[in-house]
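If you're matching them up, the sequences are chains A and B in order.
The opening position of the first sequence corresponds to residue 4 in our numbering, with each subsequent residue numbered one higher.
The opening position of the second sequence corresponds to residue 4 in our numbering, with each subsequent residue numbered one higher.
Everything labelled a hint here was simulated from the structure, so no lab data went into it.
Treat each hint with caution, since some may be false.
Any copy, or any two copies together, can satisfy a pair, since identical chains are not distinguished.
Taking lysine-lysine pairs in the BS3-like style, the calculated list, with each CA pair at most 27 Å apart, reads [as the list claims (entries may be wrong)]:
(1) Lys233 - Lys63
(2) Lys21 - Lys167
(3) Lys84 - Lys233
(4) Lys204 - Lys225
(5) Lys155 - Lys106
(6) Lys204 - Lys84
(7) Lys21 - Lys193
(8) Lys23 - Lys233
(9) Lys154 - Lys233
(10) Lys225 - Lys21
(11) Lys208 - Lys167
(12) Lys193 - Lys106
(13) Lys106 - Lys167
(14) Lys63 - Lys101
(15) Lys84 - Lys101
(16) Lys154 - Lys63
(17) Lys208 - Lys84
(18) Lys193 - Lys211
(19) Lys23 - Lys161
(20) Lys193 - Lys208
(21) Lys208 - Lys233
(22) Lys23 - Lys193
(23) Lys84 - Lys161
(24) Lys23 - Lys154
(25) Lys23 - Lys167
(26) Lys154 - Lys21
(27) Lys154 - Lys106
(28) Lys155 - Lys84
(29) Lys155 - Lys211
(30) Lys208 - Lys64
Protein chains: 2
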Amino acid sequence: MPRTAAVIIIGNEILSGKVKDENSHFLAVELRQLGVKLSLVAVIPDDVDEIASTVASCAKKYDYVFTSGGIGPTHDDVTMKGVAMAFGRRLVLNDRLKELIVKRCGVPSDVVMRMAEMPEGSELIELNGINFPPVRLENVFVFPGIPEFLKKKFAALKERFRDKPFLSSRIYINGEECLIADSLDSIARKFPSVEIGSYPKIAEKEYKVLVTLEAREEEALKQAVEELLKLLPREIVLRTI
Amino acid sequence: MPRTAAVIIIGNEILSGKVKDENSHFLAVELRQLGVKLSLVAVIPDDVDEIASTVASCAKKYDYVFTSGGIGPTHDDVTMKGVAMAFGRRLVLNDRLKELIVKRCGVPSDVVMRMAEMPEGSELIELNGINFPPVRLENVFVFPGIPEFLKKKFAALKERFRDKPFLSSRIYINGEECLIADSLDSIARKFPSVEIGSYPKIAEKEYKVLVTLEAREEEALKQAVEELLKLLPREIVLRTI
Numbered sequence: 004m005p006r007t008a009a010v011i012i013i014g015n016e017i018l019s020g021k022v023k024d025e026n027s028h029f030l031a032v033e034l035r036q037l038g039v040k041l042s043l044v045a046v047i048p049d050d051v052d053e054i055a056s057t058v059a060s061c062a063k064k065y066d067y068v069f070t071s072g073g074i075g076p077t078h079d080d081v082t083m084k085g086v087a088m089a090f091g092r093r094l095v096l097n098d099r100l101k102e103l104i105v106k107r108c109g110v111p112s113d114v115v116m117r118m119a120e121m122p123e124g125s126e127l128i129e130l131n132g133i134n135f136p137p138v139r140l141e142n143v144f145v146f147p148g149i150p151e152f153l154k155k156k157f158a159a160l161k162e163r164f165r166d167k168p169f170l171s172s173r174i175y176i177n178g179e180e181c182l183i184a185d186s187l188d189s190i191a192r193k194f195p196s197v198e199i200g201s202y203p204k205i206a207e208k209e210y211k212v213l214v215t216l217e218a219r220e221e222e223a224l225k226q227a228v229e230e231l232l233k234l235l236p237r238e239i240v241l242r243t244i
Numbered sequence: 004m005p006r007t008a009a010v011i012i013i014g015n016e017i018l019s020g021k022v023k024d025e026n027s028h029f030l031a032v033e034l035r036q037l038g039v040k041l042s043l044v045a046v047i048p049d050d051v052d053e054i055a056s057t058v059a060s061c062a063k064k065y066d067y068v069f070t071s072g073g074i075g076p077t078h079d080d081v082t083m084k085g086v087a088m089a090f091g092r093r094l095v096l097n098d099r100l101k102e103l104i105v106k107r108c109g110v111p112s113d114v115v116m117r118m119a120e121m122p123e124g125s126e127l128i129e130l131n132g133i134n135f136p137p138v139r140l141e142n143v144f145v146f147p148g149i150p151e152f153l154k155k156k157f158a159a160l161k162e163r164f165r166d167k168p169f170l171s172s173r174i175y176i177n178g179e180e181c182l183i184a185d186s187l188d189s190i191a192r193k194f195p196s197v198e199i200g201s202y203p204k205i206a207e208k209e210y211k212v213l214v215t216l217e218a219r220e221e222e223a224l225k226q227a228v229e230e231l232l233k234l235l236p237r238e239i240v241l242r243t244i
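Could you build all of it, start to finish, from the sequences and the hints given here?
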């Protein structure tokens, strides 16, 4: 079984439509390539209780939890507090973080000093070329919301998540989805380890439905594709890759 | 208090990174313009138990729930079943839906016929110019995953959600976020009905931080902006709109 992950996007600006979230799709693609199964994306407000309860339930249910957003110096940056609460920990001042903040902001006020606090027992993951290190508490990794920073930090530590890859095949269909539903249903039942998706494309000229088959076992994937091709009406199968 | 909403995006293809979700941002923008507060976006797999538990908890917690995806004819289209389970209802064949499906697909097989089933007690919302009507059960509105269809259907029924609008102001800051954090903190405490956001922009040349203030009461918003401008160092405030 693949390891599972949840991504928690923290930010009122996403929920109010002011900013379009890019981080969840970036992480979805990255995790897939690493062989990790993303099982939930939750976009939640900058609210410490919401953060605490979402992080707590995800940390129990999934192998990895990635948060994005809410770690700056302002009043709405409450992710660290929420993550600490999720595990019943206190926030404690981290000297290394304080040093990094003084370097950037000068001698900080009390409000800004909150940025130097981490949940007790968490790890500051120092990485080459990264100014502000991401923080880990148990299986929860805390990332910034700014996409450029999140991408750079994730790239620097992603190898620790790498696992057996997903393999995939695609079948392009030139016909309505209802013509293939029975065949997909029977193959999905016969090969439970193969994930089968069926995606109608209304803007495509060349084909009407894209069928995807994915598995971590090459043999199961190959057999499922072969048996599905036998069931599908030949005249609507454009190509298989 | 504004009415609240949750958007549930159902689809393995989003979680595996194959498809980039566009529907949640579209709905976030639309709901904001209608004066509805989007409080959660959840992206979940095509899994009937996950759908049932997410829909059930969201329907209790928020005024409106919008689902997207999982309503076609194939094995992975289990949204209707999940929504029915969330309310402890059965799926029942709907004659009007059956008629619409026969029109499109011819006389359907048993598998395809599942598309004509709706949760008992739900409403088929017939709208001008819409072939397949969206379904409502209690406060849950079931939409398709294909963005073109979702947009068209939402546009046709959105007026029923319209409420008092959100008003907003923006302040463009040419300085580090840590220089304004104390001021934002004090205004956020003084005006709890005003939502204040602070967004560092690393790719912008003209300014470094965008501060947004939003409220449904004009007077509170105006006062919060005025008092914030008095607190901020004048030399870093570029402009206010």
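We went through each hint and held it up to the structure:
no., hint, result
1, Lys233 - Lys63, "neither (42 Å within a copy, 46 Å between copies)"
2, Lys21 - Lys167, "between (38 Å within a copy, 18 Å between copies)"
3, Lys84 - Lys233, "neither (56 Å within a copy, 30 Å between copies)"
4, Lys204 - Lys225, "within (25 Å within a copy, 47 Å between copies)"
5, Lys155 - Lys106, "within (20 Å within a copy, 51 Å between copies)"
6, Lys204 - Lys84, "between (43 Å within a copy, 24 Å between copies)"
7, Lys21 - Lys193, "between (45 Å within a copy, 24 Å between copies)"
8, Lys23 - Lys233, "neither (43 Å within a copy, 31 Å between copies)"
9, Lys154 - Lys233, "neither (43 Å within a copy, 37 Å between copies)"
10, Lys225 - Lys21, "between (45 Å within a copy, 20 Å between copies)"
11, Lys208 - Lys167, "neither (35 Å within a copy, 43 Å between copies)"
12, Lys193 - Lys106, "neither (60 Å within a copy, 31 Å between copies)"
13, Lys106 - Lys167, "neither (41 Å within a copy, 45 Å between copies)"
14, Lys63 - Lys101, "neither (31 Å within a copy, 42 Å between copies)"
15, Lys84 - Lys101, "within (17 Å within a copy, 52 Å between copies)"
16, Lys154 - Lys63, "within (25 Å within a copy, 36 Å between copies)"
17, Lys208 - Lys84, "neither (51 Å within a copy, 32 Å between copies)"
18, Lys193 - Lys211, "within (25 Å within a copy, 56 Å between copies)"
19, Lys23 - Lys161, "both (24 Å within a copy, 21 Å between copies)"
20, Lys193 - Lys208, "neither (32 Å within a copy, 57 Å between copies)"
21, Lys208 - Lys233, "within (25 Å within a copy, 58 Å between copies)"
22, Lys23 - Lys193, "neither (40 Å within a copy, 29 Å between copies)"
23, Lys84 - Lys161, "within (25 Å within a copy, 37 Å between copies)"
24, Lys23 - Lys154, "both (16 Å within a copy, 17 Å between copies)"
25, Lys23 - Lys167, "between (31 Å within a copy, 24 Å between copies)"
26, Lys154 - Lys21, "both (21 Å within a copy, 18 Å between copies)"
27, Lys154 - Lys106, "within (23 Å within a copy, 48 Å between copies)"
28, Lys155 - Lys84, "within (24 Å within a copy, 41 Å between copies)"
29, Lys155 - Lys211, "between (37 Å within a copy, 20 Å between copies)"
30, Lys208 - Lys64, "neither (42 Å within a copy, 42 Å between copies)"
Checked against the numbered hints given earlier, this structure breaks hints 1, 3, 8, 9, 11, 12, 13, 14, 17, 20, 22 and 30; the rest are met.
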